[in-house]
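Could you put together the complete structure from these sequences and hints?
Sequence order for the protein chains is B and W.
Numbering of the first sequence is given in our numbering, commencing with residue 1 and proceeding in unit increments.
Numbering of the second sequence is given in our numbering, commencing with residue 1 and proceeding in unit increments.
Relax, there's no trap hidden among the hints.
You can't tell identical chains apart in this list, so a pair holds if it fits in one copy or across any two.
In silico DSSO-like links for lysine-lysine, alpha-carbon gap of 27 Å or less: (1) Lys286 with Lys234; (2) Lys277 with Lys96; (3) Lys309 with Lys134; (4) Lys234 with Lys277; (5) Lys68 with Lys259; (6) Lys226 with Lys96; (7) Lys286 with Lys226; (8) Lys231 with Lys286; (9) Lys134 with Lys68; (10) Lys226 with Lys277.
The hints are simulated quantities; they were obtained by calculation from the structure and are not laboratory data.
Below are the chains, spelled out letter by letter.
2 protein chains.
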Amino acid sequence: MSPFDLSILFFLQLAIILGFCRIVGWLAARMGQPQVVGEMIAGVLLGPSVFGALAPGLQAELFPPASKPVLFATCQVGLSIYMFLVGVEFDASLIKAKFRSAASVSLSGIIVPFALGAAAAWYLAPHWPLFSEKTSSWEGMLFMGAAMSITAFPMLARIIYERGLTGTPLGTLALAAGSIDDAAAWCVLALVLASFSGDPSVALLAIGGGLLYVLAVWRFGVPLFKFLAAKTEKRGGMSHAMLGTTLSVVMLGAWFTDKVGIYAVFGAFILGVAVPKGFFAQALHKHLEKMTTAFLLPLFFIYSGLNTKIGLIISPQLFGVTLLLFFLAVFGKGVACAVAARLHGETLRQSLAIGTLMNARGLMELIILNIGLERGLITPTLFTMLIVMAIATTLMATPVFNLVRRGEA
Amino acid sequence: MSPFDLSILFFLQLAIILGFCRIVGWLAARMGQPQVVGEMIAGVLLGPSVFGALAPGLQAELFPPASKPVLFATCQVGLSIYMFLVGVEFDASLIKAKFRSAASVSLSGIIVPFALGAAAAWYLAPHWPLFSEKTSSWEGMLFMGAAMSITAFPMLARIIYERGLTGTPLGTLALAAGSIDDAAAWCVLALVLASFSGDPSVALLAIGGGLLYVLAVWRFGVPLFKFLAAKTEKRGGMSHAMLGTTLSVVMLGAWFTDKVGIYAVFGAFILGVAVPKGFFAQALHKHLEKMTTAFLLPLFFIYSGLNTKIGLIISPQLFGVTLLLFFLAVFGKGVACAVAARLHGETLRQSLAIGTLMNARGLMELIILNIGLERGLITPTLFTMLIVMAIATTLMATPVFNLVRRGEA
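What follows is the structure, given as structure tokens:
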């Protein structure tokens with residue numbers, strides 16, 4: 001296909017992706033579900049599992065392999081800007097405020113699911129096609145552990161914001177614990193990816209590059225953002241030049257972290273954390289958030305759905321494995337966090353609410369799974385199993401949260 | 001290159017494109033030039049003309065042919081959203097307010113440059129490699145005429161806004177005349193493209209499809225936007241769902257008009273015109289404008305620059321032809337509009353100011369030239385000549401405008 005033909009097709013793909021996400025998102029909203037649930041499901045529906053099974057010819061025409069680079073590159077850019085915004089909203093002072101409970105909840109929220117995930121990988125890997133042949137059992141365990149420990153931090157933050165829980169003990173604790181967990185799981189993933197290459201020099205590049213990157217952001221990124229923030233504040237608003245400069249830096253960070261092997265999403269997130277909170281951060285949010293989440297992010301959900309093949313787990317045994325992973329995920333993350341919160345003196349309701357929020361995997365899980373699949377660490381089978389787990393844990397978050405909060409102020 | 005490698009490269013391209021546009025844009029601003037001038041020049045500098053001549057290996061590594069589809073598809077999306085926003089800001093009531101002068105200025109601003117362009121094409125085509133072999137002399141004349149009649153409408157609107165001239169007789173007249181001219185030139189281009197296919201059924205598809213499209217926008221687009229506008233106003237702001245739906249429709253319109261052969265930019269512009277003015281239009285502008293112009297639009301300038309090969313016109317004769325086209329462009333558009341305004345009773349200064357504003361070609365010319373090149377209507381030589389003309393007419397607009405306005409209130 002010529003660039004021109006691909007560009008025409010890209011318009012059609014965008015129209016269908018956005019339109020379809022709207023319809024499923026509308027249905028999800030009517031069932032009291034957040035937008036992200038609708039888009040996760042829309043992705044699976046447009047992929048080979050449903051649309052591809054019903055109309056394989058049409059599906060192949062709409063998403064031919066030749067169009068993959070355009071879709072992938074664009075959704076990676078959207079994801080990076082989104083993770084940058086997540087970093088911009090990340091507030092380390094919250095962690096300090098509730099340090100002890102937060103540390104305890106988040107530690108449980110990592111150790112238990114990580115241990116369960118690693119054990120499951122160790123136990124299941126010899127019997128089921130979960131990992132590719134070149135994945136060592138050690139790497140498989142680390143990956144599964146990281147995948148189990150993920151928290152849908154942005155979704156958690158949005159639920160807390162929407163319910164007016166920002167600043168409450170519950171809200172602060174959940175935000176603090178969630179952000180620690182996510183940061184930790186991403187670090188583990190970075191280690192897995194670094195080790196997976198097999199070649200020690202590649203692992204060294206990833207770890208060394210990652211450290212160098214954090215250092216560079218701290219040494220150059222922080223002062224640059226401070227400078228841009230001061231200019232923006234003085235001007236009373238964000239100019240095209242400020243926004244263009246910021247995005248240029250984000251793209252550079254995304255490129256560098258992709259290049260050394262620890263992925264663009266980390267690079268963008270770390271840069272976001274380096275942005276000083278206040279007027280500049282709010283202006284970035286104002287100008288980037290809507291277009292990123294309404295226009296670019298749906299592309300990632302659909303891309304992820306194109307990789308999801310429900311057909312791969314339609315057998316009683318494989319479905320059983322999926323169910324097992326789902327229960328381990330809920331038990332490891334949700335129950336463990338609730339227990340930890342309860343032990344730290346939170347009420348039963350509060351503890352259950354925290355466990356529910358921490359349990360949702362959302363978009364973050366999709367990111368880690370797509371990286372694992374893309375790098376050839378996991379098979380499409382395990383990918384699909386964990387996508388089902390991610391959707392189910394995300395889907396149950398809102399109703400369970402409403403249930404345990406019912407009757408409370 | 002794998003999709004993943006292309007995605008890494010795309011991050012680097014974006015970082016360099018955005019960063020470089022910032023630097024050149026900053027230099028342009030220091031010389032009192034608008035942003036668009038900086039980005040037009042940045043494109044030429046990053047292309048084969050300068051960067052490619054100085055460091056051919058590096059340039060080829062940064063912009064390999066395999067990366068073209070991603071760059072092209074993304075910049076087309078950016079361009080469509082931008083043209084949609086231009087349409088959103090298009091205000092037909094302005095034309096009514098100053099109908100007689102506007103009609104007269106815009107008519108001169110089309111007929112004279114069109115006639116000069118067509119004559120130049122007829123005279124020059126047999127002697128110089130301006131058009132491809134399959135372009136008939138009739139099509140060459142029409143294309144050159146349309147290319148000469150273009151006005152940088154968005155830039156004109158921005159200058160008028162920035163100088164606080166909105167609502168003044170000068171501002172209203174220039175906006176009205178500029179928008180009529182642009183609409184007319186695009187219609188001519190649509191006709192040329194329709195006729196160029198050679199196959200009458202293709203031309204019929206373009207004309208029929210275009211009419212059908214306008215009808216569909218009027219029948220379905222207008223009520224849909226009215227509905228979205230009412231909802232947005234009631235809610236007091238734009239939701240993700242509203243924005244997603246709007247962009248889905250824009251992408252659908254872009255796809256359809258690309259598919260029938262009259263180009264995505266028209267489709268997006270016409271949809272923009274169908275948006276009711278007021279709160280909804282302002283909300284769209286607020287959420288889309290910054291990210292589109294600061295992030296997506298630079299891609300188009302660079303893509304256009306990658307096609308510009310200054311080396312093709314480095315010979316005294318070819319440079320002479322370029323100079324001739326430039327003079328015809330300035331005389332045909334700028335002088336003719338100024339004379340028409342003067343004949344309609346505007347002051348000499350006002351008339352000169354209007355001529356200057358109408359004369360700038362800006363981004364609009366780049367769009368028409370890239371379409372002509374992409375369709376194989378014009379050669380890279382004529383493309384480069386007219387790029388030089390576009391940059392020169394855009395570059396001269398601000399200083400000449402300041403000169404003729406000097407001393408006035």
